[in-house]
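Same order as they appear, the protein sequences are chains D and L.
Following this note's numbering, the numbering of the first sequence begins with 1 at its first residue and continues without gaps.
Following this note's numbering, the numbering of the second sequence begins with 866 at its first residue and continues without gaps.
No wet-lab data here; the hints were simulated from the structure.
Treat the numbers as computed from the prediction; the structure is a model and nothing was measured.
For glycine and all other residues, C-beta sits at the position ideal for the given N, C-alpha and C.
Don't take each hint at face value.
Some residues of chain L that are not near chain D, with every Cβ distance over 12 angstroms (derived) [what the hints assert, rightly or not]: (1) 869; (2) 876; (3) 877; (4) 880; (5) 884; (6) 888; (7) 987; (8) 1020; (9) 1023; (10) 1049.
With a straight-line Cα cutoff of 25 angstroms, these simulated DMTMM-like cross-link-like pairs (lysine to aspartate or glutamate) come out [claimed, not checked]: (11) D:51 - L:1020; (12) D:40 - L:955; (13) D:7 - L:955; (14) D:201 - D:260; (15) L:997 - D:2; (16) L:1000 - D:372.
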Amino acid sequence: MEKKRWKILKKIFSEALLFKDDERKEFIIRAADGDKTIIKEAVALLEAYEKASLLDHPFEEIKKSALGGFDTERKKGKHFGPYKIINSVGHGGMGSVYLAERADGNFNQRVALKLLRTGLHSNEQVQRFLYERQILASLNHENIARLFDGGVTEEGQPWFVMEYVEGKPINEYCDEHKLSLDDRLQLFLDVCKAVQYAHQKLIVHRDIKPSNILVKKNGTIKLLDFGIAKALNSDDYIHNEIPVTQTGLFPLTPAYASPEQIRGETVSTVSDIYQLGVVLYELLTGYQPYDVSGKTPSEIEQVICEDHPTRPSSIISKMESSAPEYENVIQDRSKWLLLILGKQKRKLRGDLDTVILMALRKEPDRRYSSAEQFAKDIKNYLADRPVTAHSDSWSYRSKKFISRHKAGVSVSAAILFMLILYTSTVTWHSQQTREALYYATEEAAKSEQLISFMMGMFEANDPAEAMGDTVTARVLLERGIEQAETLDNQPEIQAQMFSVVGKVYYQLGEYERAYPLLRQSIDIKNDMGQPEKIEQADSYYLLGATMHHKGNYRDSDYYFETALDIYNSFTDHESVEYANSLYRAANIRGVRRDFESAFSMHEQALHMRLNLLGELHPEVGNSYKSVGNTLHQKGDPAKAIKYFRKAADIYGVVYPEKHPAIADLKVSKARALQVLKKFDKAEMNLITALEIQTDIYGEHHTNTGLSKMALGNFYRNTGDFAKAEPIYFELISVIENELGGDHPLKRPVTEALGRLYLQKNEPEKAESWLRKTTQLLSSSLRPEHPRVLTAEYRLADCLLQLQEYEEAEALLLQVLDHTGDRSNETHTSIKKEALHMVVALYESWNRKDQAEIFSSRLQDMDAIE
Amino acid sequence: METDKITKLLQAHASGDRRALNQLMPLVYDELKRMAQNRLIGERSDHTLSSTELVHEAYLKLIDFDRIDWQNRYHFFGIASQIMRNILVDYAVKQQAQKRGGQRKRVSLGETDAITEVKLHDILSIHHALEKLEKLDERQVRVVECRFFGGLTIDETAKTLDISTPTVSRDWKMAKAWLNRELSMSHNEE
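This is chain L alone, in the form it adopts within the complex:
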């Protein structure tokens, strides 16, 4: 049932219905998370899985292949990459709120957790930097989402965003440089 709905929305969005995305996003968002959770049931809490895996798997599960051509497949990847970004940012925001909140349960700060904290902080910094970059160059942000959050290859990113591979490559290089600089500056400020 969800598969049917998602497929339809994806087709609608691909053919230019911008509003379809608003409905598509929360559906995929929830599905992606549910999948990740199911995969992780029974695993130890520090077990990890890769976003590449997740995005591709979501595609396999959520899309009705008979009705979707390969172009829409990449279209889905693009959306899924954006959603991965949202999932991670939401999580990071919430973790920080909890950390500052008075009623949080005590967390033991073992070595693994310390690493996670750094990662969380990075996600937020990257997210904020991307928000800035979005105002200058929206396409570069999409490239970063595909490459970093969605774990897509240059080639997949090119197909997803319907641009050439050299363009992806150029955008990716500059976005990385720009984000690096932005992140190092925001670190210095703190």
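This is chain D alone, in the form it adopts within the complex:
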């Protein structure tokens, strides 16, 4: 039971006692307000209250025998092997610790003698214990407390004699000495070193926690109790008892136990890695990754085996913003921790988060394989080198989740919507009391987690991520929409629901469905007439992304720009969505050939992403790539390649070998290489890119198409028409048969074919492709758009070669008309080209007069320049 429910129960129970016997139950039902569990609990407690109890009288009788044989008085001077007890040091969960010394007095060695509570019951157990003791005694490392001796008393009580260490648990030591983040890591590296040493001897600690890691006054680390857990419990493991339930007997500390330990599965050296992760987590945040206090064993099992820990950096952020739940900590740990760690938040957020979370993974084989690897990554971090840990991607987790809960997925989705509904309502109506607010924020945090989890789950539907695993959750989403539609009187929540479901559809790639939902969500919010909030910018961004995926670039441009406008109006705002909007809007600038502002916006997005996501993040890689692309477009292919290299470094770490982003990057790189006349390298890059895309997406996918397109263009540009032609034809057939005739990829291919035949001097073949191109372009772009004009100009060129003078004339005059008086560079150069061609046309057509008129116009233009 959770503490807050306990409080409710306590109140109801105490108040019920104020009523007469026969009125109590009625009161409980009334007071519990329909909460059946509370009613059941309260009634059961009442019944138990009325029964006679052991506790009715204080424990009066202490038998003399209860006091014999177990106290220091008797132990004092008692011998265990060659050791004699001097004094008691403490009593803990495992047993009692005494200060002892060697009885033979040859040398004045003081030792710690541990007398354990557990009794060993069989000869076999005693033998095993003695055997383990032998192994543990072979551990000889400066950072591990030596085990000198051990044995079993006549009563079957095991005892150990170890090096006596005067020191503080590592977490207390760090706090008391106000160690900085880096110093904490250095200290932790010593711990790793000691653990690595023991692991090489195949000894697993099994109970690594701060109280077993002491720091002496001189700052050296000592690990205590290495391997003792196993020495005592080897039998229990074989019989597969669930350790958590063995309170008092088993020295396992739930807060530090790994999932495999909790489940009673095989424990290995990587279980220690997990526990090291927990210790590091606590050293850096002051918190354990999971809150297990007040939970039952099965609840603990669930938390440790299923939940995902909050990122360490988020805890620091929360502490800084003084969320109420951290109030105590802030008082306890005083401000210095915030000062020291707060400053490190950025650092923590990127690599260190990833490193700690890697150690804390549920699956033993996905953690660091050794303490040395773990330490190495911390050293990488300290030296500002990239870490080797990969972030545990949502899609991986969701894949796991789906494979484990195939049947349960639908249920979860239904619960999700009820949860959103419930929590939104709670947040809305019950802000009167502090308590209600507390509930609400806690619940809201939960649902937020759920939402992001669900989001992650649907990501797996991108073939790049899921390799075949598909979720049929669409039906459930429809249910969510139905629920949302009934919420007309609560527009804010309704808008939120629409945007959540819209987002899920977006993730599923169902853009047709995502669009109206996102649009509705924005419309509702706009209708409410409140000042624009960042959330709205987020929705606009998503809407833009949806349109972009649909190939509707005109609308997507508009939405991205709108999102960006809103973001820009908030000073100092930084968010992933903001960075994404900048990124997209920069791409738009690039398409408009405004390379300067595309470049500066891409750079801004890059820096924002670096700040928010750290160096090793796919989006950061994308940004490096895009900055590179704009540099290339600005005419600096050499510098562009440097950025592409940065991107490749990141992709190499965050992605598997075959990933669409890597393919895409290779295409960009090839383009720059081509300009630098490194044709072989360029071709190689393009071919690998195509192989990757085909592998992941199959033949019939837009991305594969784009890659193919790039290779075709390369061959065409380098004059290898024989290789280019079949590639383009393959593409056309895929587009018409698989992707749909109006696919945005169609235009570039028809254009490329037209140009190919023009280059090959086969205008009769070029004509139809060029006609298609102009048709497609003018249906989506303004007639004066440079692309339309260029296509028309090209068609006219073709017609001129075919001696179709009349149509060529009409087209060219139209182009000249549309370039009009526009003074921008692009239009001017098109106009000039068109004028040249008009002159050539009239000359071939034998219309000298007209040729002369246009020729003089051309001269006028040159004169102005």
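Starting from the known structure of chain D, fit chain L onto it as the hints suggest.
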């Protein structure tokens, strides 16, 4: 000498030094036991004495009155009650280990012993149930320790824990009910 040390530690703990308790506990633990033993020297092995007596007497013996005010007296009671719990649990654990151990000496199971066995079992059950309760409601556990293990009255418990008597009364009632239920459930499981 011990009196001086214990008094100092008690003062330190009462004024907020949490670590003082770690040093205080084993000292008082040993003293309590020694006292009980001295009281029982020469008595027959089934002779009993009450924990109430013991806790109060320990206080008289272990504390330097000139330096301790009445508040610290109750503070001591609280600690002593916790220690009584530890003493009894340690004993019960050990008895059970011996019972299962191969090399134990034979114990004749006379009527008196049978009763003791039940009590021992109860101590452990109560102890484990209290460990569970501690996670839900620490204060109720302190109340149970004072009332059941320390033999303190409601009024003394209130002063010891620095809460009102009605609160002690409410906590005690609920804790008793909860423990009753918990104990009957764990019996049923066996």
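Verification of the supplied hints:
no., hint, in the structure
1, 869, "holds, 17 angstroms"
2, 876, "holds, 21 angstroms"
3, 877, "holds, 17 angstroms"
4, 880, "holds, 18 angstroms"
5, 884, "violated, 10 angstroms"
6, 888, "violated, 9 angstroms"
7, 987, "violated, 6 angstroms"
8, 1020, "holds, 14 angstroms"
9, 1023, "holds, 16 angstroms"
10, 1049, "violated, 7 angstroms"
11, D:51 - L:1020, "holds, 24 angstroms"
12, D:40 - L:955, "violated, 35 angstroms"
13, D:7 - L:955, "violated, 32 angstroms"
14, D:201 - D:260, "holds, 21 angstroms"
15, L:997 - D:2, "holds, 12 angstroms"
16, L:1000 - D:372, "violated, 37 angstroms"
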